[in-house]
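Let the hints inform the model, and build the full structure from the sequences given.
Protein sequences appear in the order of chains A and B. When we follow numbering that gives the first Met the number 0, the leftmost residue of the first sequence carries the number 0, and every step to the right adds one. When we follow numbering that gives the first Met the number 0, the leftmost residue of the second sequence carries the number 0, and every step to the right adds one.
FYI, nobody ran anything at the bench for these hints, they're computed from the structure. In this text, all values refer to a predicted model and were calculated from it rather than measured experimentally. Note that beta-carbon positions come from the ideal geometry of N, C-alpha and C, so glycine has one too. Don't take every hint at face value.
With a straight-line cut-off of 20 Å between C-alpha atoms, the simulated DMTMM-like cross-links for lysine to aspartate or glutamate are [claimed, not checked]:
1. B:Lys306 with A:Asp419
2. A:Lys370 with B:Glu295
3. B:Lys305 with A:Glu388
4. A:Lys426 with B:Glu295
5. A:Lys353 with B:Asp309
6. A:Lys353 with B:Asp273
7. B:Lys306 with A:Glu127
8. A:Lys326 with B:Glu285
Footprint (simulated), chain B over chain A, 3 or more residues, beta carbon under 8 Å [stated by the list, open to error]:
9. 239 to 248
10. 324 to 333
11. 423 to 435
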Amino acid sequence: MWLWCLALGAALCLDAAAAGPREGRPETLSSAAKGVYAAARPRLLQIRTLLGSTERQSSIGSGFLVSANGFAITNYHVVSQYVLEPNTYRLEYTAPDGKRGSLRLIAFDIANDLAIVQLDKAGQPFFEFEKRALSDRMSRGERLYSMGNPLDVGFTIIEGTYNGRVERSYNDRIHFSGALNPGMSGGPAVSSDNRVVGVNVAKRIGGEMMSFLVPARFAAQLLSRKHAPVALSPEAIRAEIGRQLTDWQAGLYKALGEQVLPARAFGPYQGPDSPAAWFSCWARTNAEQIPRPRAVLQSTNCNTETSLFVAGDLSTGQLRVAHSYAKSVDLNDFQFATFLSGQFQPTWFGWNRKRHTRTRCHEAFVGAQVKDAPPLRAVWCARAYRDFEGLYDVSVLAVTQDRASEALVSRLSMHGVSYDNALQLGKRFLAEIRFAQ
Amino acid sequence: MPSSAALWIEIVSRHGHLLQRHRFERDEVRIGRGYDNDLILDDPFVAPRHVRIVRGADNALLAEEVESANGLYEGDGKQRVARIALNDHNSIRIGRTYLRVRDAAHAVAPERLVKARIWAWPLMVGLAIAMVGVQLASTWLHQTTEPRMADYASAALTACLAVAVWIAMWTILSRIFSGRARFQRHLIIAVSGFLVLLVFYELAEVGAFALSQRGLTAYRYVGLWLVVGFFTLLHLRAISASHSRFKAGAVTAITVAAIGMQTVAGLQARATTDLQSYVRRLKPPEFRLAGPQSEERFFAAAQGLKKTLDRWRTEQPGEIGDYAVDDDD
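Shown next as structure tokens:
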């Protein structure tokens, strides 16, 4: 199972490592790294979100300067608390020389987890972007240096390797083999001549030194847009997030719409499989379990690795296609139906009263209008996002109803989707549940 | 009739149940707490010489206050009286003691014929077997893992114990309030009640799937409470036939209160958890009764949910509108 630690700056991650900065760090880094850090140092920032009423930090991350007028890049998730609740939180930076100051939000890009903030002073040195990174001409194995302030222990430089784009990800991410840690989110990863290749964003929990960067070109694109000062009314911010999410899902579902849903056989049935390379698919069975299962279950599960961080308690954008084919060994019809009920559940992610409405479902037996498809029991469940108009979580659930001792349970879960896109993919999904040819 | 015919004074409970019965062969009986009375009452609210029962010239019996602070009352009456004409039905109250006076001429109800006793055991055994059978069948039908004796034994045992405790409670109540345990009657009512509950529970689930009506399981608790209420009323009536309207009213009120409480709890649970409401329990496809929908209609209905969701969006979480019961499509 893939898990992404998006909340590099989250307070939770930090509680475990409350140790203060250490004195006298031994000089184990290479002299190249020493040079890179020396040049980068005045361009680095630690970005802290303070709880306004207590003046204490509630989350920390990193950032770096990219323009003479004091614009700095960081991750959206580093500043998300402030973006969503500007009246409760405020932003502050700390430079490596200990100077502090306040930050202003200029722009953010939810899909690429980026934000631009502006310092209260101009004229600082700043980073350039690596031209080869902007045109995707980096080579695998190149040395990269990532910087930031991990776990609030002090500014740090890490050596690692550029390992190309992450396959099986709809959102473009660079695979960086280096040890990113919480608190480094938003920091720069630079080439040996100190030009920005990517922005630290996540690491894989359960992997070793598997970290991910947002490609520099997204940061460059965000920076090149004309920036009107962001009106910080919570309603306007929410509307902007909603607009970005709506645009993003429109692209995703358009890309899906252009693909055929390949059929995969399950016993006497076939179901629609994942249509694109950016689904990560896994299969499992209970056939070899001891004691011998009384019904054999074969499940496949395809997920997109496209979870967008919106808030600490809200991620969206996931898409999942799952099938479970069950066949009775010695269960009677009634027992088999009970067994099947265990699979007949939507597979979507948590519910949050503040973020989602309640779920509403429609269920029915759906007749086979074509000879080569079995009758189904189908359930459509949907809930809306309270904060973002026109976005929904939708789950389509279907179980074949032609035999009493074997069946295919098919599930499609769509998070953060427009209702029309959900209907479109849902229709295609149900229509593709057929008898195997 | 001789003027000194025998006279019976009965000490009864407030509800008329006989506690003691004393026979007197005289025309005047003195009653009080003092030892110079014919009938001594140990009620501290009774005066030493409280009342006397006399036979009048026309042979009628009369109760007369002698000397008391608390006085003499008829039955549960609130009006203090100096004397009461006694008949077959009324009772008098002195202090906290109820007395009934009858003479030898008191007419009793005709002899009841002994009916051949109904042999209820086969019925009881049959019902008990049916109940345990349904319980075991339900365990069996929902068993999807290795069958284990313990699952069945504990299901049967739990059912039997629960019913036994229930019956014990009612026989004890029955013994207290009517003097007779009426074990057989309570057993038959309890076992049939439990049987109906089990069958109703399972049928609601099958029905919900067959008819594609989630309401049958969502509101199953209403039916279950009504069954419990009905069988409780039968138990109450088995104790005694009296106060039947009061009992019916009380049972109805408690049943309605229980249904109401569970409804409120359910509505509040909706605000804090996301109950994805659909029929979760599948049954074999042969049970399908509801006709199939075309895919167009299915998706048209799915489209229709959007309006509700958009309305819910604008309501604050936990608002009363959020509690609104789903109208099934």
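Does the structure keep Lys326 of chain A and Glu285 of chain B at a Cα separation of 20 Å or less?
holds (17 Å)
Between the stretch 423 to 435 of chain A and chain B, are there enough contacts, at least three residues with CB-CB distance under 8 Å, for the coverage claim to hold?
Since 4 is at least three, the answer is holds.
Please check whether the stretch 239 to 248 of chain A has three or more residues whose CB lies within less than 8 Å of a CB on chain B.
violated (count 0)
Straight-line alpha-carbon gap Lys353 of chain A to Asp309 of chain B, limit 20 Å:
Satisfied, since the Cα-Cα distance of roughly 15 Å is no more than 20 Å.
Hey, Lys426 of chain A versus Glu295 of chain B, does the alpha-carbon distance stay inside 20 Å?
holds (9 Å)
20 Å limit on alpha-carbon distance, applied to hinted pair Lys353 of chain A and Asp273 of chain B:
holds (12 Å)
Hint consistency between Lys306 of chain B and Asp419 of chain A [alpha-carbon to alpha-carbon, up to 20 Å]:
Distance of about 13 Å is within 20 Å: holds.
With a cut-off of 8 Å between beta carbons, are at least three residues of the stretch 324 to 333 of chain A near chain B?
holds (count 4)
Lys370 of chain A and Glu295 of chain B were given as a pair; does the straight-line alpha-carbon distance stay at or below 20 Å?
The given pair, whose Cα atoms are some 17 Å apart, holds under the 20 Å limit.
For the pair we were handed, Lys306 of chain B and Glu127 of chain A, check the Cα-Cα distance against 20 Å.
violated (49 Å)
For the pair we were handed, Lys305 of chain B and Glu388 of chain A, check the Cα-Cα distance against 20 Å.
holds (12 Å)
Hint compliance for this structure: hints 7 and 9 are broken, all remaining hints hold.
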